[in-house]
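**Q** All chains, full assembly: derive it from the sequences and hints.
So the protein sequences, as listed, match chains A and B. Read left to right, the first sequence gives residues 1 to 361 (the numbering used here). Read left to right, the second sequence gives residues 1001 to 1267 (the numbering used here).
There is no bait here: all hints are sound.
Per label pair, the in silico range of CB-to-CB distance: (1) B:1086 to A:165: 32 to 40 Å; (2) A:85 to B:1026: 47 to 55 Å; (3) B:1086 to A:84: 23 to 31 Å; (4) B:1115 to A:40: 55 to 63 Å; (5) A:126 to B:1159: 23 to 31 Å; (6) A:114 to B:1174: 23 to 31 Å; (7) A:85 to B:1119: 51 to 59 Å; (8) B:1109 to A:165: 47 to 55 Å; (9) B:1159 to A:167: 18 to 26 Å; (10) A:108 to B:1174: 18 to 26 Å; (11) B:1159 to A:9: 31 to 39 Å; (12) A:85 to B:1115: 48 to 56 Å; (13) A:312 to B:1009: 50 to 58 Å.
By construction, these hints were calculated from the structure, which means they are not laboratory data. We put the CB at the ideal spot given by N, CA and C, even for glycine.
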Amino acid sequence: MSSNDIEMVSVTKSYGGTTVVNGVNLAIPAGEFVSILGPSGCGKTTTLSMIAGFAQPSVGDIRIRGKSQKGVPPEKRGIGMVFQNYALFPHMTVEENVGFGLRMRRRPTSEIRDAVANALRRVHLEGLGHRYPKELSGGQQQRAALARAIAPEPSLLLLDEPLSNLDLKLREAMRVELKDIQEQLAMTFVYVTHDQDEAMAMSDRIVVMQRGLIAQTGRPSDIYERPNSSFVADFIGKSNLLPIRQLRQGNNAVVVCLAGDLTLTARKTEGIAAEDARYCCMRPEAVRLSLTADDSAVSANRLQGRLTRIVNLGAYFDCFVTMNDGTVLKSLVRSTRLPGLAVNMPVFLSIEPDAIRLLSH
Amino acid sequence: MDRFLSLCFRLSLFLILAFIALPILVVFAASVSPSAAISFDPSQWTLTWFAQLADRRWLDPFLLSIKLAAAVTVLSGLLGFLAAYAVAYQKCPGHEAIMAILVSPLAVPQIVKGVAIVLFLSSTGFFSLLGMPGLVMAHIILTLPFVVRMIAGAMYNFDKRLEQAARILGANAWQRVRFVLLPIIKPGLFSGMTFAFILSFNNIPLSVFLVRPGETTLPITVINHMEYSLDPVLAAVNVASLAFILAAILLFEKLGGFSTQLHGGSK
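**A** Rendered as structure tokens:
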């Protein structure tokens, strides 16, 4: 008995000569909220439709609850799915939509009625059961689609960018609700998205995909703090990525020479031999900006530059600082800390060696 | 200027409607006129010609035409749905070529089709199929392209993700057709069947080759009658069949709700 709800074993999918998913190995434990995250064309949607059974792997095997799904059609897989455009049946009321899965399984009417009422309550659509989908707002349609997917109580729910058609406020509210529902029902969620904020906010685990391959798998904080490649560092959150020109070994620390004249001290990064390091990566919030040179808060890596652009994010300023050699570093500054910032000010940057990550590719 | 344009549009719309309706009004006047001379004076109008329609001479062909049109409608709806399902929905191999073949009878004049069918039936020894079976087959050849086009149009517009949604919710192939596909393409199906009914009920060029003595359709009976006399009973027959067709269209619309499709509505 496997505790993994889904296991993908070296799954490859090719259409004609193009390989969309390339030898993916992935195990998703029961009850986890897993996001498959990546830019469009990275193979995440193909991966999802192979799990659903709408596409067959060219090579490899997908197991659901320990059973190989070779030759098992989608209607026999016992999973739920929420589609990007919701795919609600336009000729049925919300109640009929939500009860559809149980009706197809010929459950008794009373059981269907209870399950529908339950599912509608869970997504806060009580009282709208008699409406048709086109009489609902986008957010309500989204909830109806979710209710339809969870009403038959599948152990596994696939979600294909379900929030991408909603406006920002609603999207943020739905993130919280989705996570709550997942925890309450103890379902396994596989959530496909290109929105890294969404993935960060909800997931127990994130699978970052790039060109058909898994780039990195880990908890959101792992991936954010310890990206394993410049692609992941760039895709998840904002980062300063600098190519390494030359590298000098120290005893405990590694001294890094960067493009131009910047010299930074970084600590050795676990898993990467110092001589393999090609890039170094710093999150903007780890780059401390100050107006005076003698800021005692940070010990190492003091740099001097000129503030060339400020993007006001409300609570934060996104500051672009141009060094003497032309390198631009981004720094995130809480707006209450330095309220008088203005473009063209000479500024000082300091970076803790621990906050610099070395990347091999 | 806008008001002038709007007036022009209204006027041209009125003229077009009048152009369509006036012949019908003349036929209506003829059907209630006391003699072959058409009277537009309502005080002279009479229903005597309509009373003659109860005669077997008219009633039998009328019932035959209804039976024929009903059979053609149901069969071409069924066949058209199956054909469109394979071609437009499942996109079977060669679906474009098959669709071209399915609608190709449209390019052949009905007279030619009629002759071809009679020659086919006589040369293959199926002469006994003349009459009702032959009529049904011939009319289906005529109506199928319309029905297939109508249903295929609805199926091309069908959002395939609804099929996926139904599948993942556990619906098997039959359930997906029965509960999702059919209800959504129903307007296309019923508008196709309406065309089939009208085409079959009014048909002359095909039927004329296939009817048997004593077993003729209503339009053929009218044609035959016209060769001898042009009396107002013909106008009464036409008005009655027009009313019947209108009633049939209303019934189909009630069942299939296709006016929403024609008007571009949804649901």
